[in-house]
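A.B. asks: From just these sequences and the hints, can you work out the full model?
First to last, the sequence lines map onto chains A and B. First residue of the first sequence: 1, per our numbering; consecutive thereafter. First residue of the second sequence: 1001, per our numbering; consecutive thereafter.
These are calculated hints, taken from the structure and not from any lab test. Just so it is clear, CB atoms sit at the ideal spot from N, CA and C, and this is done for glycine as well. Worth double-checking, as some hints may not be accurate.
[Unchecked claim] Simulated crosslink set (DMTMM-like; lysine to aspartate or glutamate; CA at most 25 Å straight-line):
1. K77/A - E1168/B
2. K171/A - E246/A
3. K23/A - E1096/B
4. K135/A - D78/A
5. K171/A - E1168/B
[Unchecked claim] Short derived list, chain B residues pointing at chain A, Cβ under 7 Å:
6. R1095
7. A1165
8. G1172
9. L1173
10. G1174
11. S1175
12. Q1179
13. M1180
14. T1182
[To be verified] Which stretches of chain A does chain B cover? Using the computed rule of at least three CB atoms under 8 Å from a CB of chain B, they are:
15. 54-66
16. 93-102
17. 112-123
Spelled out, the chains give:
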Amino acid sequence: MTDSAEIRAKVRVRNLTVRFAGKETLRNLSLDIYPNERLAIIGPASSGKTTFLRCLNRLNDLQHTFSHTGEILLDGKDVYDPDVDLARLRRRMGMVYAVPEPLPWTIYENLVFGARLAGIRDKDDLNERVERSLKSAYLWEETKDRLHQPAHNLSGGQQQRLCLARVLALKPEVLLLDEPCSGLDPISTAKIEDALVELTASLSIVLVTNNTKQASRVSDRTAFFLMGELIEVGPTQQIFTTPAHERTDAYITGQFG
Amino acid sequence: MRRVSPRTAQRIVVSIMWLLAAATVGTLVFIIAFILVHGVPHITWEFLTQSPVSMGRKGGIFPMIVGTAMVAGLAVIIAAPIGVATAVYLTEYTRESRITAVIRFGADCLAGIPSIIFGLFGFVFFTITLGMGLSVVSGALTLALMVLPTIVRTSEEAIRAVPYAYREVSYGLGSTRWQMVTRVVLQSALPGICTGIVLSLGRSISETAAVMLTAGSALGLPSSLFDSSRTLALHFYILSREGVSMSNAYATASVLIISILVLNVFAYWLMHKLVRKPR
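C.D. replies: As structure tokens, this is what we get:
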């Protein structure tokens, strides 16, 4: 039973139900993420957007009350399989958090940390990753002369782009972004959005955002979550002009949320 | 009844608190000054580098300096890895449960036990049962037990102070738990952990009762870990108690106080300068 969607999907989520201490936060959710697409996830607070994102790279495992049913297939393999290498999974699915959290080291050390964890020691390789990822995150010009200064000296917007670059240095296949621009100035937001558009040449992006305008600017498809359920998903254009559900319409036009 | 105006009340309270604080600091300064005034004039190069003559009436305290360094240093070398490992286990490798509560409670109880009890235990267990005799190693093991709870709790505090987000970031970038602990958490917590270790070292150096029963009071220079050795604090105690030489007792105490002062200053320097300031 292999339909065409299964072949094309990079990540395939089927009947995912998530519970924390027995309480459902995601209910029977099925969603595909295609190669080289930008999928935005919108929805009001506590609709399960972040939980969904953290299921993909299994960061929810850190909460001992977490349990799930259903499956999440990355290239056809369930990420919750017992023999999955967690470190490798998280390198393949990189995550940028809502609050920029540079580790208390220099810019350079932040950028090579993940690669070093993966066992990369070659200086040229590390330097190449630093330069390429900073360029992809639109941060190279601002930081190329101060790579060995503390990352905490950067502004908030620069720190968030550093966090993006830090993930990109691992050459991920899927990029998970959890409201990456929620606390940022418009210029940094625009730079990150530009970076995201260019990045989909080589990876898939899942962007959780509270900013519906951002979803409409950046994404190819948009999914609307509400109370732990997927209400609808479709091409962004369609979701924002002719949504199938009235709840979607109400949320997008700002009637609740 | 007339009420005191809030401003006046404020002034009175501030003055009282200032007085109390001044009393605390004043007492400390007085004690230290008293000992230094009586002791420092007797500290000479010979005093620091020679062995005691006629039970410490004359001569120096060199064997005691060496003995103190050996006993206290070895105690910290033993206690620090165990204490830090326990703290890492409590914070990173287990959830809060009855077991962690018991471990923590046990550590707090240990911290409250008088040192003479540790001395008695060390004497019975290390010195007699394990046959180590009155020796540097018996004393060090006893002191290690005594400072272990301090190291566990200060390390635990330091590790808990590392933002949770660092752990998520580390996992997110593909680290194992061990890599996360060693490369991110311990590195960030290191200044706090070092401070606890240095303070424990200070406590080991100044301990008297526990080492009296375990390291003994031999006057000679210890040539191995299984030799008996008298520490500075014990030397001071014996000199003053037996009325051997009050001036040498004060001089010994001065050396002790100065070295502890230096250690504490070093610990504070670590805490304030080495801690990487959060944004």
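A.B. asks: So, for every hint listed, does it hold in this structure?
C.D. replies: Against the structure, the hints come out as follows:
| no. | hint | verdict |
| --- | --- | --- |
| 1 | K77/A - E1168/B | 24 Å, holds |
| 2 | K171/A - E246/A | 39 Å, violated |
| 3 | K23/A - E1096/B | 21 Å, holds |
| 4 | K135/A - D78/A | 33 Å, violated |
| 5 | K171/A - E1168/B | 19 Å, holds |
| 6 | R1095 | 6 Å, holds |
| 7 | A1165 | 4 Å, holds |
| 8 | G1172 | 5 Å, holds |
| 9 | L1173 | 4 Å, holds |
| 10 | G1174 | 4 Å, holds |
| 11 | S1175 | 5 Å, holds |
| 12 | Q1179 | 6 Å, holds |
| 13 | M1180 | 9 Å, violated |
| 14 | T1182 | 11 Å, violated |
| 15 | 54-66 | holds (count 4) |
| 16 | 93-102 | holds (count 5) |
| 17 | 112-123 | holds (count 4) |
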